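Chains as they are written, first to last, in the working numbering: chain A, -17 to 356; chain B, 2 to 90.
By construction, these hints were calculated from the structure, which means they are not laboratory data. Please note that the accuracy of each hint is not assured.
What the simulated footprint calls covered on chain A by chain B, stretch by stretch (three residues with Cβ under 8 Å from a Cβ of chain B suffice, anywhere in the stretch; the number is not a length) [as the list claims (entries may be wrong)]: (1) 40 to 52; (2) 60 to 74; (3) 84 to 95.
In silico DSS-like pairs for lysine-lysine, Cα to Cα no more than 30 Å straight-line [unchecked claim]: (4) A/K(-7) - A/K4; (5) A/K81 - A/K136; (6) A/K213 - A/K289; (7) A/K268 - A/K289; (8) A/K289 - A/K181; (9) A/K81 - B/K54; (10) A/K(-15) - A/K54; (11) A/K63 - B/K54; (12) A/K54 - A/K4; (13) A/K(-15) - A/K5; (14) B/K54 - A/K136; (15) A/K(-7) - B/K54.
Source: prediction; values computed, not measured. C-beta atoms are modelled at their ideal positions from N, C-alpha and C, and glycine is treated no differently.
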Amino acid sequence: MNKRAFVATRKGLFELSRAGDKKTGEWQITQASFLGDNVTLFMHDPRSGSLYAALDHGHFGVKLHRSLDEGKTWAECTTPKYPERPEGTPDEICEMSGKAIPWSLKLIWALAPGGADEPGVLWCGTVPGGLFRSVDHGATWELIRSLWDEPSRKNWFGGGLDYPGIHSICVHPENPSHITIGISCGGVWVTEDGGSSWKCRAKGMFATYMPPDRNDDGDIQDPHCVVQCLKSPATFWAQHHNGVFRSTDGCENWQEISAASPSTFGFAVAVHPKDPDTAWLVPAIKDEKRIPVDGQVVVSRTRDGGKTFEVLRNGLPQHHAYDITFRHALDIDETGSALMFGSTTGSLWYSDDQGDNWQTITSHLPPVHCVRFA
Amino acid sequence: MATVTFTANLQRHVACPSVEAVGQTVREILESVFRDNEQVRSYVLDDQGALRKHMNIFVDGEPIRDRTSLGDIVGANAEVFIMQALSGG
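All chains, please: the whole structure from these sequences, using the hints.
Following this line, the structure appears as structure tokens:
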């Protein structure tokens, strides 16, 4: 059972630890870093124990920091840098927005460690759509040109942001050259050769925000979050703008999971690390409102691959609660028993029984971007 | 020698005391500053070398015009202020 978690928020990064017994002790905030600053993402590297925090300073730009001492001290490391756009290249105009896509970092939106046998390798997904790799723990970064130069990138567009972005990076647990990424809005892309070549694999997803004849195009899909089952890595779950989808064949085909209740809209999804049929969602009323259904915060759980769902609400606010959980703000621990999620209104909840019962850790954090056990 | 002064808000993230710098354009002045303080570069300029969207540079009280190439002329004893732009809120 985890005894530590990190919560990245609009106004700082908070470490939580269990007081007393690490299995049953009460969760407490035990350390705060970057107070006042917008910490948009957090990553724990299980290979080295290093911690990474992505910051968006607004005026002063996006930065990446690393801690080698459990978060006691942090040092700025190199931030991924887009190459100079070749002189004479015409502007890449996004078809949907009419805006030119900049070759410039706007947001770090995904961080993932490479494989167990690649100790220095890190992957970083960004807005406006570039994927970066570091082979030296973040000291240097390289833009993955094979994806950036992919012709269909011109079809990608921002969903809620000005530009498209990579928010999900799933490194195959047995083959770190096999990587699956989720893009809003650009679909799901897979490389099986460490990033040399890519294929869009979003067949079965559909996009009702597009004209009917483009509903099924792969490279305009808006998966809000994509997760992979560690024990059964051919199984993926996606919370998509237009519903919930599952693939059991390595993203070759996606099936809509229409039974999710009380709604099929949301941002976050978690899959049990050992049971590909068990997954959790934090649903909301769909895009034009983005509030919990009936003002009740609930978690939706399936144990049968999406045929049926249980709506879990024990311990969660059920009266005029307007908390929304963004894509990185739900996490499951390595045992598959403990879950933690945070909200846009600064609440944080924990369950040690797969969501049957929840305890409120705090209701007073800044807006939560990311929750991670570590 | 021009004098370069940074907004106090930037000091919270990276040390950047006022310094004297030599150069005929804003770009040359900044490069002169960054030679001794590389870390401050990415806080003022974006990854393409342009002035960040929500930053401003004033030379002798006037905002610079060329935010991309930073070609505005800087006089010999100019006062250069690197500020946050109000556009950032």
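(message) What's the verdict on A/K81 and B/K54, does the C-alpha distance respect the 30 Å limit or exceed it?
(response) Holds, at about 16 Å.
(request) Report holds or violated for chain B covering the stretch 40 to 52 of chain A, Cβ cut-off 8 Å, minimum 3 residues. (result) Coverage by chain B holds for the stretch 40 to 52 of chain A (5 residues, Cβ < 8 Å).
(message) A/K268 and A/K289 were given as a pair; does the straight-line alpha-carbon distance stay at or below 30 Å?
(response) Roughly 21 Å between the alpha carbons, so the hint for A/K268 and A/K289 holds.
(message) A/K289 and A/K181 were given as a pair; does the straight-line alpha-carbon distance stay at or below 30 Å?
(response) Within the cut-off at roughly 29 Å; holds.
(message) With the threshold set at 30 Å, check whether the alpha-carbon distance from A/K54 to A/K4 stays at or below it.
(response) 20 Å, holds
(message) Run the distance test for A/K81 versus A/K136: straight-line Cα separation, threshold 30 Å.
(response) OK: A/K81 and A/K136 at ~11 Å, within 30 Å.
(message) What's the verdict on A/K213 and A/K289, does the C-alpha distance respect the 30 Å limit or exceed it?
(response) Holds. A/K213 to A/K289 sits at ~21 Å (cutoff 30 Å).
(request) Take the C-alpha atoms of A/K(-15) and A/K54, compute the straight-line distance between them, and say whether it is at most 30 Å. (result) 17 Å, holds
(message) For the stretch 60 to 74 of chain A, count the residues whose Cβ lies under 8 Å from any Cβ of chain B; is that count three or more?
(response) The restraint on the stretch 60 to 74 of chain A holds, since 5 of its residues have a Cβ under 8 Å from chain B and three suffice.
(request) For the pair supplied as a hint, A/K(-7) and B/K54, confirm whether the alpha-carbon distance does not exceed 30 Å. (result) Given pair A/K(-7), B/K54 holds - Cα atoms ~21 Å apart, limit 30 Å.
(message) Does A/K5 sit within 30 Å of A/K(-15), going by the straight-line distance between their CA atoms?
(response) 7 Å, holds
(request) Given that the stretch 84 to 95 of chain A was listed as covered by chain B, double-check it with a C-beta distance under 8 Å for 3 or more residues. (result) holds (count 4)
In the structure shown, no violation is registered for any of the earlier numbered hints.
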